[in-house]
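What follows is the residue order along each chain.
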Amino acid sequence: MKDLDQGGFIKMKIIGLLAILVSAAAFGYEFGSNVPDKVKNGVIADLKFMNDLRGSDTSAIHKEIFGELNGTNYSEWFEKRVTHIGLHTCGGGGASKPVACVIPFMGSSKIWLTKYYTEIDHPQIAKMMVVFHEARHTEVENGNWSHARCPTPFKDKDGNDMKSIWTGAMLAGEAACDVTPLGSYGSSMILVKNVNKFCSNCTEKVKMDAGIYADDQFKRIIDEDAIAAVKADLYNDR
Amino acid sequence: MFARRLLFVAGFIVLILGLQVWRGKPSDLGRSTLTGSGPESHEELASPASLPSRSAANLKILHDNLPSPDKKKIAVLEEIIASKNDNDPRLDSEFRGLSPEIKRALEGRYFATAKEKLNERGTVVFLLGREAKTPADLAFLKSVTKERPCLGLTDCRKIEVAAHDHADGHEEHDDGINERTLVYPQTVALKSLERFLQLPGADAAMKQETVKFLREMAHHEDRRISLVAQDILKRAPQ
Numbered sequence: 001m002k003d004l005d006q007g008g009f010i011k012m013k014i015i016g017l018l019a020i021l022v023s024a025a026a027f028g029y030e031f032g033s034n035v036p037d038k039v040k041n042g043v044i045a046d047l048k049f050m051n052d053l054r055g056s057d058t059s060a061i062h063k064e065i066f067g068e069l070n071g072t073n074y075s076e077w078f079e080k081r082v083t084h085i086g087l088h089t090c091g092g093g094g095a096s097k098p099v100a101c102v103i104p105f106m107g108s109s110k111i112w113l114t115k116y117y118t119e120i121d122h123p124q125i126a127k128m129m130v131v132f133h134e135a136r137h138t139e140v141e142n143g144n145w146s147h148a149r150c151p152t153p154f155k156d157k158d159g160n161d162m163k164s165i166w167t168g169a170m171l172a173g174e175a176a177c178d179v180t181p182l183g184s185y186g187s188s189m190i191l192v193k194n195v196n197k198f199c200s201n202c203t204e205k206v207k208m209d210a211g212i213y214a215d216d217q218f219k220r221i222i223d224e225d226a227i228a229a230v231k232a233d234l235y236n237d238r
Numbered sequence: 001m002f003a004r005r006l007l008f009v010a011g012f013i014v015l016i017l018g019l020q021v022w023r024g025k026p027s028d029l030g031r032s033t034l035t036g037s038g039p040e041s042h043e044e045l046a047s048p049a050s051l052p053s054r055s056a057a058n059l060k061i062l063h064d065n066l067p068s069p070d071k072k073k074i075a076v077l078e079e080i081i082a083s084k085n086d087n088d089p090r091l092d093s094e095f096r097g098l099s100p101e102i103k104r105a106l107e108g109r110y111f112a113t114a115k116e117k118l119n120e121r122g123t124v125v126f127l128l129g130r131e132a133k134t135p136a137d138l139a140f141l142k143s144v145t146k147e148r149p150c151l152g153l154t155d156c157r158k159i160e161v162a163a164h165d166h167a168d169g170h171e172e173h174d175d176g177i178n179e180r181t182l183v184y185p186q187t188v189a190l191k192s193l194e195r196f197l198q199l200p201g202a203d204a205a206m207k208q209e210t211v212k213f214l215r216e217m218a219h220h221e222d223r224r225i226s227l228v229a230q231d232i233l234k235r236a237p238q
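Going line by line, the protein sequences match chains A and B. In terms of this note's numbering, the first sequence opens at residue 1 and continues consecutively. In terms of this note's numbering, the second sequence opens at residue 1 and continues consecutively.
In short, the hints are calculated from the structure, not lab data.
Derived contacts from chain B toward chain A, CB cut-off under 7 Å, selection only:
no.: 1; residue: D86
no.: 2; residue: G176
no.: 3; residue: R180
Backbone N, C-alpha and C define an ideal beta-carbon position, used for all residues, glycine too.
With the hints as constraints, model all of the structure from the sequences given.
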């Protein structure tokens with residue numbers, strides 16, 4: 001009887017181990033060993049939210065980058081690029097508040113989340129915009145889609161300096177802009193703007209949030225041709 | 001005789017202080033917000049009827065007086081908020097045709113929520129804003145719009161500023177969502193006012209008042225707010 005119990009215990013251990021291996025294999029990525037379960041479950045839930053999205057239409061640039069607006073495409077796209085999700089400060093501190101980052105010398109297919117992702121109460125689609133932004137940065141073959149320096153001076157359409165309003169830090173001269181709609185800012189805002197316009201199973205809140213955050217991020221694209229391309233792709237009703 | 005007078009004065013002071021506590025003191029706008037706070041001033045509210053409760057006790061009374069279908073709605077909302085799933089379809093199915101009583105209870109819920117819970121607060125504003133029809137509903141949205149923006153993501157009282165350090169290469173990278181999230185409730189309130197302007201059959205005088213308010217907000221000192229108001233006015237039906 002005692003042997004049977006021991007055998008049963010070992011069997012249970014094996015089954016448990018298999019369950020962990022299968023669940024890890026279910027994603028194309030793994031979590032860092034220091035990622036608490038609560039954070040891990042939150043990220044898995046956020047990525048499932050993306051996986052469940054469906055769309056009635058898709059813009060041309062979105063098709064070029066992600067295919068049709070369909071959560072399965074997003075999951076495949078993400079898992080082809082990201083092998084590891086860990087926690088890091090991403091060089092944050094002082095005026096810098098990165099939400100996530102890729103640190104190429106620590107592994108170009110690894111993305112790192114900061115406390116500004118895990119602890120702050122952002123709308124879910126905004127967090128995903130950041131995660132897909134970082135996933136784009138993992139593409140070594142495209143030079144990690146490095147950002148362009150924002151122009152000096154960097155003005156908005158009303159002639160005001162573009163700056164981080166709560167820190168007052170000017171964006172002029174910072175590597176915080178893109179000159180193509182295909183880069184990290186462009187691709188993630190194209191994704192989110194498509195959700196705003198075409199998601200067929202999103203709540204009204206998700207669609208509203210998607211519009212708010214995509215429109216903000218569009219301001220980081222500075223090249224005239226790139227701006228015109230995004231406008232033609234998604235803002236042609238304005 | 002003197003002791004009796006002293007006792008009388010002391011009793012009077014205790015009575016005044018007790019009344020202050022019972023009525024709820026005007027909020028300290030910079031206070032961190034484990035217990036939340038009320039709108040910035042009485043003047044911002046159109047009518048005393050729209051004055052949200054300021055204490056947990058009053059919030060409980062508002063909740064206890066709700067009919068049971070409304071209590072169920074509140075329970076559903078708490079469940080959705082706890083799940084952090086912005087795409088819960090019940091956000092669209094369960095919160096239509098809200099009664100004035102549940103609206104006031106939700107306003108109380110908003111002011112009782114920690115200011116750092118920005119998505120949570122914005123979600124409540126969204127639900128109320130989608131149902132905004134009366135002067136009291138609009139007064140709530142205006143009071144949210146005029147709230148002082150949250151200064152820091154982890155503590156709304158503090159601007160997270162330090163020396164601007166370019167060495168880490170992550171300056172301003174990917175932290176644009178933080179700035180929008182800091183004014184997320186205000187942004188949702190503005191979007192809700194835009195929705196009201198598009199509402200067919202809404203009272204013309206109330207629409208006019210709303211446009212007047214948006215014009216005022218278009219000159220708001222915080223550009224995250226003024227630019228949204230300006231964009232809404234550009235799209236507003238003339």
